[in-house]
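**Student:** Sequence:
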Amino acid sequence: MEPIKLYDSYRKNLIKIEEGSTVVDGKIKIYSCGPTVYQYQHVGNMRAAWLPDTFAKVARIAGWKVDWVLNITDVGHLVGDGDDGEDKLEKSAREESKKVEEIVDFYTQDYLKQVDAIALDIPIEKMRPKATDHILGQMRLALQMVADRRAYILDDGIYFEAQANLDLNVPFELDKKGDNSFTGRTIENSQKAPADFALWKFVDESSLQKWKFNQFNETAQLVLKILSQPENSHNMDLPNRWGVPGWHSECVVMIDKLLGDGELKNDEGKSLIDVHFGGEDHIDIHHRNEILESEALGFHLSNYWVHNKFVLVDSAKMSKSLGNVFLVVGDKNVTSFESIAGKGFDPLSYRVMLMEHHYTSQLDFTWAKLKISQARLYNLRKECSKILSFARVNSIIVDKPINENQKQVLLEILLDNLDTPKFLGKFGDFVKDVSNEIATKSTLNPKNLAAIKFWEDEFLKLDLLPSLDSEILVIAEQRSIAKNKGDYQKADQLRDKILEKNIQIDDYAWGWGLWKK
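Last residue of the sequence shown: 812 in the working numbering, with the numbers rising by one and none dropped.
Incorrect hints may appear among the rest.
Said to hold, decoys possible - Distance condition first, Cα-Cα at most 20 Å in a straight line; then the derived SDA-like pairs of lysine to any residue:
id, residue 1, residue 2
1, 638, 604
2, 425, 385
3, 677, 612
4, 681, 797
5, 307, 459
6, 677, 537
7, 507, 459
8, 702, 688
9, 681, 560
10, 721, 357
11, 756, 785
12, 702, 721
13, 727, 711
14, 505, 315
15, 300, 604
16, 560, 459
17, 612, 579
Since the hints were made in silico from the structure, they are not lab data.
The structure displayed is predicted, hence computed values, not measured ones.
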């Protein structure tokens with residue numbers, strides 16, 4: 296296992312993950328904040344999914360085992376990201392005249408289409424939980440805080456009390472009394488202080504999503520304990536009030552349940568996970584509040600906190616009003632948003648664009664820049680097609696032992712804070728060198744071909760060495776025969792058949808090569 300460097304947003308410096316430093320020896324536990332599935336997930340959201348996927352791939356190549364949980368938020372995330380207003384899922388359901396479950400299913404499926412289009416290998420099954428799968432845990436969290444006198448009950452919900460948690464032993468500098476008043480709420484009508492935030496929100500019976508504390512025996516017992524406290528004796532209706540969880544609690548609960556021991560505590564003084572990923576918009580509020588919640592419960596949530604910078608569009612923040620919200624893929628019959636695929640680009644050109652920009656710097660998306668990224672993608676495919684063609688004609692086996700020296704050179708670049716721009720440049724140079732050796736010396740080192748295949752299969756995922764169906768291969772061979780016989784009209788017709796399937800065919804001195812376009 297090789298050490299990996301990352302930039303920690305709270306410590307504001309590079310940290311090193313190495314043997315002996317992780318929660319479990321030989322394994323890296325990571326968690327990333329996934330989508331709130333009330334609308335389409337745009338190209339900016341894809342960067343937040345790409346970063347942990349990139350890290351997981353690099354860590355596995357470096358010899359680590361990786362446990363990764365990515366959540367789906369389907370309740371508790373209010374409009375404006377604050378503690379007031381309508382739940383985003385409910386708002387979307389009412390606007391589209393659908394059930395919340397229908398909204399969740401539709402936009403979750405669309406999210407999976409988006410990440411699949413840029414070849415992300417996100418978690419599946421229980422490692423991709425929904426917030427509504429863990430309501431009991433979020434109830435326990437809110438009630439335990441009240442029982443421990445670290446939270447209080449008001450008419451509209453249960454709130455984390457910043458003033459009662461100034462003693463928390465956060466392992467890095469964190470503003471424990473940060474101002475959450477960005478929500479626009481008036482303190483007189485709600486929480487006691489601007490730094491307080493919702494752990495549980497009471498809702499009307501007409502709410503599309505709602506739960507009661509008396510639905511579960513465990514929470515019913517906690518409620519009895521709370522009602523025995525003098526300061527809470529007037530909250531006799533607490534067991535039967537409808538409510539929904541606060542936004543921040545779901546991540547704490549799911550990390551504990553799926554990557555910890557599920558007890559919402561840790562007596563060993565260790566963190567539950569090694570790295571928590573998310574977008575930079577989570578630094579000051581969402582992740583800060585996750586940290587405060589877990590520390591108040593008596594455990595460290597994560598050793599390190601890593602965030603990707605925003606994706607801008609033409610130097611401006613994405614917004615519907617500006618008409619600059621773009622998807623990776625999208626059906627124009629269903630959505631009005633433009634998409635990368637809809638504009639005629641290969642979706643994987645955006646994957647290249649993501650790799651061309653370091654995660655700690657903003658990515659300014661423009662169609663002109665995407666055109667450059669696609670040209671880079673096509674050039675890589677063209678060169679790899681040439682190499683694979685030469686290997687095929689000369690019966691060079693792809694799965695020979697890899698060029699270990701070249702693998703290590705490229706891996707060390709990624710181990711140094713996921714320097715994907717530098718990696719992409721060095722990999723491109725390597726492919727070009729291998730291609731030039733074929734052109735000038737008519738030789739191909741099988742280990743170099745194996746190295747290209749290794750990086751394509753394990754990390755790049757750019758369709759550099761595609762497995763084409765037999766029909767295409769037969770047509771390509773028929774075209775070659777027609778050319779050799781001088782039947783250029785038939786050869787051109789066969790070329791057109793190949794192009795119709797978005798496959799480019801190139802001719803070399805030794806034969807033909809195919810690549811996706």
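**Student:** Any hints from earlier that this structure breaks? Give me their numbers in increasing order, please.
**Tutor:** Hints 1, 3, 5, 6, 7, 8, 9, 11, 13 and 14 not satisfied by this model.
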